[in-house]
Amino acid sequence: MTAISFSSPALSPTPQTIAGQLITSIGTDQSQIATLQEQISTGMVINQPSDNPALAADVMTMNSSLTRAQQYVSNAADGQGWLQQGTSTLNQVMSALQSITSAVESVSGQALSGQTAAVNGIAAQVASGLQQILGLANTTYNNQAIFAGTGSTTQAFDSTGAYLGNTTAPSRTVAPGTQVTIAQIGSTVFGTGTAGLLTGAGATSGSVGVLQQIVNDLRSGNLSAATGVDLQHLQAATATVANAAATLGANYQNMQAFSAQATATQQALQTELGNLQDTNLPKAATQLTEAQSSYQAALWATAQVSQQSLVQFLG
Amino acid sequence: MSNLSLDIAASALNAQQAGMDTIAQNLANANTPGYVAESPTLTTNPPGDLLGVGTGVRVVGISQVPDQLAQTANQQAQGGLAQATALQQVLTQAQATFPEPNGQGLSTQLANFWSAWDAIAQNPGNQAPYTQVADMAQGLATSLNQASAQLSQTASNTTSQLSTMVSADNGLLSQIAQINTQIASVKGGGGSANSLIDQQNQLANQLASDLGATATTQPDGSMNVSVGGSTIVQGGTVDTLSVGTVTGTGGASALGIINTANNLALSVSSGTAAGYLGAVNTYLPKYQAQLNTVAQALTTTVDTQLASGYTTTAGTAGDPLFVQSGTSGAGATTTGITATNIAVNPSVAANPQGTLGVSTVGGSASNNAGNAQTLAELGTSATGPDQAYTTLIQGLGTDVQGVNNQVTSQTSLANAANQNLQEIAGVNTNQQMVTMLSYQHAYQAAAQVITVTNTMIQSLLQAV
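Which chain is which? The protein sequence lines are A and B, in order. Per my numbering, the first sequence starts with residue 81, numbered consecutively. Per my numbering, the second sequence starts with residue 315, numbered consecutively.
A hint or two may mislead.
For lysine to any residue, the following SDA-like pairs were computed, each having C-alpha atoms within a straight-line distance of at most 25 Å [claimed, not checked]: (1) B/Lys600 <-> A/Ala134; (2) B/Lys600 <-> B/Ser567; (3) B/Lys501 <-> B/Pro533; (4) B/Lys501 <-> B/Ser377; (5) B/Lys600 <-> B/Thr563; (6) A/Lys363 <-> B/Asn416; (7) A/Lys363 <-> A/Ile120; (8) B/Lys501 <-> B/Thr386; (9) A/Lys363 <-> B/Gln715; (10) A/Lys363 <-> B/Asn718; (11) A/Lys363 <-> A/Gly123; (12) B/Lys501 <-> B/Thr358; (13) B/Lys600 <-> A/Thr141; (14) B/Lys600 <-> B/Thr654; (15) B/Lys600 <-> A/Asn132; (16) A/Lys363 <-> A/Met124; (17) A/Lys363 <-> A/Ala114.
To spell it out: a stretch of chain B is covered by chain A in this simulated footprint if at least three of its residues, at any positions, have a beta carbon under 8 Å from a beta carbon of chain A; those stretches are [as the list claims (entries may be wrong)]: (18) 690 to 698; (19) 728 to 737; (20) 742 to 752.
Cβ pair distances, simulated, as ranges [claimed, not checked]: (21) B/Thr641 <-> A/Asp238: 38 to 48 Å; (22) A/Ser121 <-> B/Gln492: 48 to 58 Å; (23) B/Ser752 <-> A/Thr369: 42 to 52 Å; (24) A/Gln384 <-> B/Ser752: 24 to 34 Å; (25) B/Ala644 <-> A/Asp238: 33 to 43 Å; (26) B/Thr551 <-> A/Gln384: 47 to 57 Å; (27) A/Gln376 <-> B/Ala575: 48 to 58 Å; (28) A/Gln384 <-> B/Gly368: 44 to 54 Å; (29) B/Gln475 <-> A/Ala340: 56 to 66 Å; (30) B/Thr358 <-> A/Leu379: 50 to 60 Å; (31) A/Gln376 <-> B/Gly368: 52 to 62 Å; (32) B/Ile764 <-> A/Gly100: 44 to 54 Å; (33) B/Asn768 <-> A/Gly100: 49 to 59 Å.
Note that these hints are calculated values from the structure, not bench results. Cβ coordinates follow ideal geometry from the N, Cα and C atoms, glycine included.
Turn these sequences into a full structure, and let the hints guide you.
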């Protein structure tokens with residue numbers, strides 16, 4: 081007895097397997113097209129962490145660095161504002177001091193001709209110069225007195241010329257771990273006690289500062305003191321202010337350099353981020369065209385292959 | 315003698331007719347899932363006398379193509395694919411919780427938060443930048459709370475999907491048990507159980523893909539189904555499965571599938587169930603823990619730095635910024651922080667300028683914001699929240715990428731296995747056509763034998 085069977089053991093594809101294969105390849109093409117279209121429409125290569133986990137982490141870190149760099153640029157700009165304000169204020173103080181100095185120097189000539197009124201006029205000029213410098217010493221930037229250190233006050237000096245601030249200068253962070261001082265301490269620039277420019281403003285007696293001493297000496301007729309020791313004190317104080325102005329100027333240049341550096345860092349980061357995550361449009365467009373051709377070919381094949389079978393050739 | 319020819323021809327007509335019937339049945343089921351091509355098993359009839367001429371052909375039975383090996387391979391491949399796909403589904407959802415790296419995700423919020431401290435440093439006497447920092451801190455806490463809640467939601471959705479699937483599978487398991495009983499009775503009556511076997515295979519395919527179930531066909535035609543080495547269906551008896559808490563690796567409690575008959579956990583290692591269990595037991599808790607680390611790092615980094623500073627309004631010690639929700643003030647709880655319970659200290663939210671220790675000098679009010687400047691630089695800290703968050707995102711991205719690749723490779727494996735099975739067991743139209751022609755020719759020839767025999771008998775009758 082022989083059992084015969086017509087179903088051959090040789091493996092050959094059935095319509096179902098052919099259909100399955102075609103559906104798989106159409107699906108692959110479609111998902112490739114979807115990925116490329118997402119890249120083109122968002123302009124980004126990495127749209128979720130799984131697209132490239134390591135690169136996604138890089139992008140996140142770089143985005144944080146970029147935000148930091150932007151803040152450094154902002155900090156530097158703010159610091160430059162402070163320094164600019166400080167420098168120009170000290171320049172004004174300098175020119176006020178220079179006109180006071182030349183006025184006091186002219187006293188000797190006026191006194192010889194016995195013109196008391198003229199001397200009193202000079203005293204008034206010095207007194208008003210003192211008020212002007214007091215005003216300049218209270219200059220604010222963004223509602224903060226720039227010569228008050230980091231003290232909690234909107235004024236660096238009160239009306240009698242007493243220092244109200246503290247001795248810690250404010251600074252701005254302009255690079256990781258780098259801070260630049262953006263102001264000078266009022267008590268250093270303008271001095272304190274009898275060596276101070278502003279001490280005892282308006283007081284006629286007691287412990288007064290350089291300028292008020294000149295006013296008092298002029299008014300009391302102690303002209304030799306005014307043109308002698310007082311003038312020396314004034315010159316010393318002027319030198320201190322000039323020194324502070326020079327320091328601010330140097331800080332300003334420093335700040336400019338850091339600002340340029342932070343801007344450059346920001347731009348470099350942006351470029352690098354762009355290189356990392358921006359879609360290469362020509363490449364993506366070409367790939368999309370390729371994927372679409374392949375998709376169309378798969379569709380065409382599906383339309384063609386499934387139609388052919390022996391059935392058509394049997395009468 | 316001529317009687318024998320007619321008998322033989324008649325048996326041939328019957329046999330070829332049976333062949334045509336199976337072809338018709340095969341072609342009719344060319345697209346039926348799980349259908350296995352059939353063919354008649356034909357055998358010669360033994361000779362009736364000593365001369366040795368056979369007495370024709372008969373149909374012994376309708377057999378199915380033997381395909382058990384291909385069936386098993388296909389079921390395993392489908393189980394592997396279903397596992398990868400289920401895991402992919404859950405992990406993709408988890409990934410969508412974090413709009414990174416381009417969206418307004420936590421990383422952007424963190425970067426802006428750090429920079430906001432510099433805004434305080436630029437203007438320590440102004441209330442606005444303090445309020446901004448408090449608002450951004452609130453945004454961070456809310457984002458962490460939401461991300462944590464979404465991960466929990468994903469886990470509970472997955473668990474309920476698993477429960478629904480397992481209860482549907484209980485139905486499939488009892489169907490197999492029923493079919494086992496039917497096969498026994500059909501075979502006992504000598505009938506063909508082919509269509510029942512097809513149904514059985516179809517159910518087994520579904521169970522392999524859902525639970526990674528293994529089906530073994532017994533010599534009596536019944537099918538035993540086991541999951542993770544534990545037999546669930548044997549003959550007509552079936553156990554019921556349920557989803558519940560089991561003891562996982564290391565003694566920790568985990569989600570699992572339990573055989574209610576003996577209350578034992580099944581070790582499911584394939585199929586959709588394995589994918590869901592892996593997601594709920596391993597992946598989602600891992601992300602949740604990493605998110606907690608981010609919340610803890612944020613709290614520790616910010617609060618520790620703030621604790622070393624003084625307020626600008628009074629020069630006194632400030633309050634912690636990030637605290638456990640429900641606590642407030644200087645003594646608020648800053649330990650045991652999770653992504654779920656992290657909150658902004660209500661006392662800081664109410665008066666940020668008076669409670670944030672941004673100054674480095676104490677004792678009196680000041681415009682000193684040196685501590686805020688230090689805080690602004692903490693984003694790059696190796697133990698800070700940014701680092702922890704990047705680790706989480708990179709890990710999550712790697713997991714999703716891995717499971718995506720796994721789905722791709724499992725898909726091609728499953729396709730190959732399915733194709734193999736189809737080629738062995740499926741209906742090939744062309745082949746069926748050729749076979750049909752053979753039956754047709756044999757049928758026509760047998761009919762011709764009857765005609766010729768008839769003519770022979772006619773001539774004999776006329777001669778008489």
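Among the hints numbered above, which are violated by the structure, and what are their numbers in rising order?
Of the numbered hints, all hold.
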